[in-house]
Amino acid sequence: MSATHDAAHSDHGGAGLKLYFAVFAALLVGTWLTVWVAGRDFGVWNTPIALAIACTKAALVLLYFMHVRWSSRVVWMAAAIGFVFLVILLAFTLSDYFTRDWLEIYSAPLKSR
Amino acid sequence: MSDSYGGHGALAHHFEDLEQQREAHTLGMWAFLVTEILFFGGLFAAYVVYRSAYPEAFANASNQLDPVLGGINTAVLIGSSFTMVLAVHAAQQRRKWAIFGWLWATIVLGTAFLGVKYVEYHHKWEHHLIPGPNFLFEGQPGGSEQLFFALYFSMTGLHAFHMVIGAGILVWLSVLALKGRFDEPGRNAVEMTGLYWHFVDLVWIFLFPLLYLLGRHQ
Amino acid sequence: MTAPSASTAPSFAPRDNYLTADYSWRSWLLTVDHKRIGILYLLSVTGFFFLGGLFAVLLRLELATPQGDLVQAETYNKLFTMHGLVMIFFFLVPSIPGVLGNFFVPIMIGAKDMAFPRLNLLSWYVYMIGGLVSFLAIITGGVDTGWTFYAPYSSTYANSNVALTAVGVFITGFSSILTGLNIIVTVHKMRAPGMTWFRMPLFVWAHYATSVIMVLGTPVLAITILLLALERLFHIGIFDPKLGGDPVLFQHLFWFYSHPAVYIMILPAMGVISELVAAFSRKRIFGYSFVAFSSLAIAVLGFLVWGHHMFLSGQSVYAGVVFSVLSFLVAIPSAVKVFNWSATLYKGSVQLSTPMMYVIGFLGLFTIGGLTGLFLACLGLDVHVHDTYFVVAHFHYIMVGGAVMAFLGGIHYWWPKMFGKMYPEGLGKVSAVVIFIGFNLTFFPQFLLGYLGMPRRYHAYPEEFGVLNVLSSAGASILGIGYLLPMAYLLWSLRYGAEAEQNPWGAKGLEWEKAPTPPPTFNFDATPVVTQEAYAYADDLPPEESRTQARLV
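Protein chains in written order, with this note's numbering: chain A, 2 to 114; chain B, 5 to 222; chain C, -19 to 533.
Keep in mind that the hints were calculated from the coordinates and are not lab data.
Mixed in with the good hints, there may be bad ones.
Here are the computed lysine-lysine pairs in the BS3-like style, where the Cα-Cα straight-line distance is at most 27 Å [stated by the list, open to error]:
no., chain 1, residue 1, chain 2, residue 2
1, C, Lys409, C, Lys327
2, C, Lys222, B, Lys128
3, B, Lys100, B, Lys183
4, B, Lys100, A, Lys19
These stretches of chain C come out as covered by chain B in the derived footprint (C-beta under 8 Å, 3 or more residues) [said to hold, decoys possible]:
no., stretch
5, 227 to 238
6, 284 to 294
Covered, in the sense of this in silico footprint (three residues per stretch, anywhere, with C-beta under 8 Å from a C-beta of chain B), are these stretches of chain A [claimed, not checked]:
no., stretch
7, 46 to 56
8, 70 to 84
9, 94 to 101
Virtual Cβ for every residue (Gly too), placed ideally from N, Cα, C.
This is chain A alone, in the form it adopts within the complex (with noise of 0.2 Å):
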């Protein structure tokens, strides 16, 4: 597997070279693309378009700053395991604040103070 790797890194020097400067700049226009999307209201969808680029970005400097592209099959399933994990972790815990309002004897939503 490193093999191909050093050859994708020794033949494509130069194109190697080209599509880190790629992605930097794909990062640069996604942080502008942030702060854009930041100052207009889109109503119920802000939350997700700026998760949505965030994403964008970090899957950009997964698979080709750290490599993630050309890794063997365990490291991009650990990587993703990674997140599946977070998600269950945040998806589960949410599932009971945004549920205990359904149910008014028994539950203890938060209050604003």
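For this one, chain A is given, so just place chains B and C on it according to the hints.
Just chains B and C now, with coordinates in the frame of chain A:
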């Protein structure tokens, strides 16, 4: 010169060949990064819970942060990720001075980031926005805005701590580079540290919009 | 030099091994040999086990009478807190992976060492430092929040050494992470030629699954404890209800780790049981791949059930229902394992040596513990038995009746391989029986107490619970003696025990067939090449001819 495993040169004794060693190092670093995802993840969980419970307080609190500084810092950190990628590239080509140069470019950008953070933290200190008994938001103590700042300082503080460690390792690597450590094949430290540095960048990519850009929708 | 073949036993003459390679303090304290690190862990976990046991003795002494007359309530709170903390974080979590996992995972897959030997040593030092910090917290006043550290008592109102203990636990967590990381990479990258995933012993599968949990879960505990320490020291307010903070959030974050943590504690034990069942029935484990996949299933499902500790916390009932259903599901892979072990024993050539006695104990006690877990997973039932002695009995059946028994069984089984000495079998059997009797006398009455309504963490109770408590305390004294016996005779055997052969049990596995007794520093004379499946007993001579020292008094 033998290492503590009784091996010689780049290959540690308990590995069969450099290929196996490199794969082991890579998987090991990724397993460590998975722990970091979950480590920061706990803070993200707290953030998500409290933000959904107190959206206005969080938006008001977020407006105390400076998105220009935050945006500049984001660009600086992404820049440092780029220079890190170039350092890894140089390490693969075993070009000692290029490694040294790009590592130091990364260190300088990382330090600039930390400098801006210091300025921001100082501003918070002056405006009584450090969570604790002296916290005041718009002159009033005690409110959910303090939760925002508890998370702000925990998340960016933990992030900054990781950057300090990373910068320290980069300095050490640059010294090793000059000593010729990366002149032979099988030396993976720059690439492994690169993975770590990119991860720290990754965390910031999420922290920036979640902390700085909450209350600015018109 | 050719590798010794399976049919010729290597020479019995004493030779250089990992113990004799160097006798200096430096060579032990700076070792990178996974086997020596396993021994270091053995010393440490034993010490912590007896410390945790001391707290148990004191609290059972208090509970022998209904009045709170031995210690004050605040002191009693510290006793059960420190008993839990020490036993969980400093014994149960590190014991089997740190001792037996470290020692045998590399050998079982034919490797010379773990993937990261220096990180392995670091994991032991991190464990010792965390242990020392926690020990400091204990002797300078102790902590009284319960091992669960619930906010806001722990974050705001407690007057004990919460922050210091939190720091100690935080540090020790990294030891777990390092061990888990090491095992994962070792299993992926260091297997000998021919050692495919499905030829690995189930002990290795169990440790792999455990390591996945360690890597995913422990960091969340770390951040939770860190937040607690920050709250405690700087009053940042993150769990403070006055600011809108939610103590139940603490519970979510805490149990996200602490439920999978119980699988960290039991999976390695199950791995030991798989090895012992195969060796002492001289049969391949029935349904090998089912057992292997069950380990992985437990690891994954274990992360989806944490809310069952929070049914009465104010958590949403709907979330509770989901957690309840998932908790029923997670029992299935454990049951699959018990069925498969039982099927292996059926028509096997069963030898009732000491390790096997621990296995039989495990099978019965773990089953009872597991079934009572289903009672607790049931929302309606849990309303009545939550925070009662029913819960206490449930988890002690699994952790003591299960994990500790498996640990002792494994220690006895692998003792000859680790030290080249045999323990006295008669004493081994007697101790196993004493421990079994003591255990049941201590903990069975607690099911009844809980069902009848006695709350946990109380130092005084109504008269009508007196008899059951006296039985429990009496049992605890027997159990204590039972634990002291192996300590004594195992130590004795190091000096005076019979010399062990290469393979006293006639067992299958690289550690018995290819590695000398005790192994040399790099485990094998030559890298083994694996051609057989795991537990290839059926391909062998009739059992009686391959067992030698296993034919015991």
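Cross-check of the supplied hints:
1. Taking the CA atoms of Lys409(C) and Lys327(C), the gap is about 23 Å. The hint holds against a cut of 27 Å.
2. A distance of roughly 22 Å separates the Cα atoms of Lys222(C) and Lys128(B); the hinted pair therefore holds under the 27 Å criterion.
3. At roughly 9 Å between alpha-carbon atoms, Lys100(B) and Lys183(B) fall within 27 Å of each other, so this suggested pair holds.
4. At roughly 21 Å between alpha-carbon atoms, Lys100(B) and Lys19(A) fall within 27 Å of each other, so this suggested pair holds.
5. Look at the stretch 227 to 238 of chain C against chain B: 4 of its residues bring a Cβ nearer than 8 Å to a Cβ of that chain, three or more, so the hint holds.
6. Coverage of the stretch 284 to 294 of chain C by chain B is violated. Counting CB-CB distances below 8 Å, 0 residues qualify, and the rule asks for three or more.
7. Coverage of the stretch 46 to 56 of chain A by chain B holds in this model, with 5 residues showing a Cβ closer than 8 Å to a Cβ of that chain against a need of three.
8. Judged by the Cβ-Cβ criterion of 8 Å, the stretch 70 to 84 of chain A is covered by chain B as claimed, because 9 of its residues qualify and three suffice.
9. Coverage of the stretch 94 to 101 of chain A by chain B holds in this model, with 4 residues showing a Cβ closer than 8 Å to a Cβ of that chain against a need of three.
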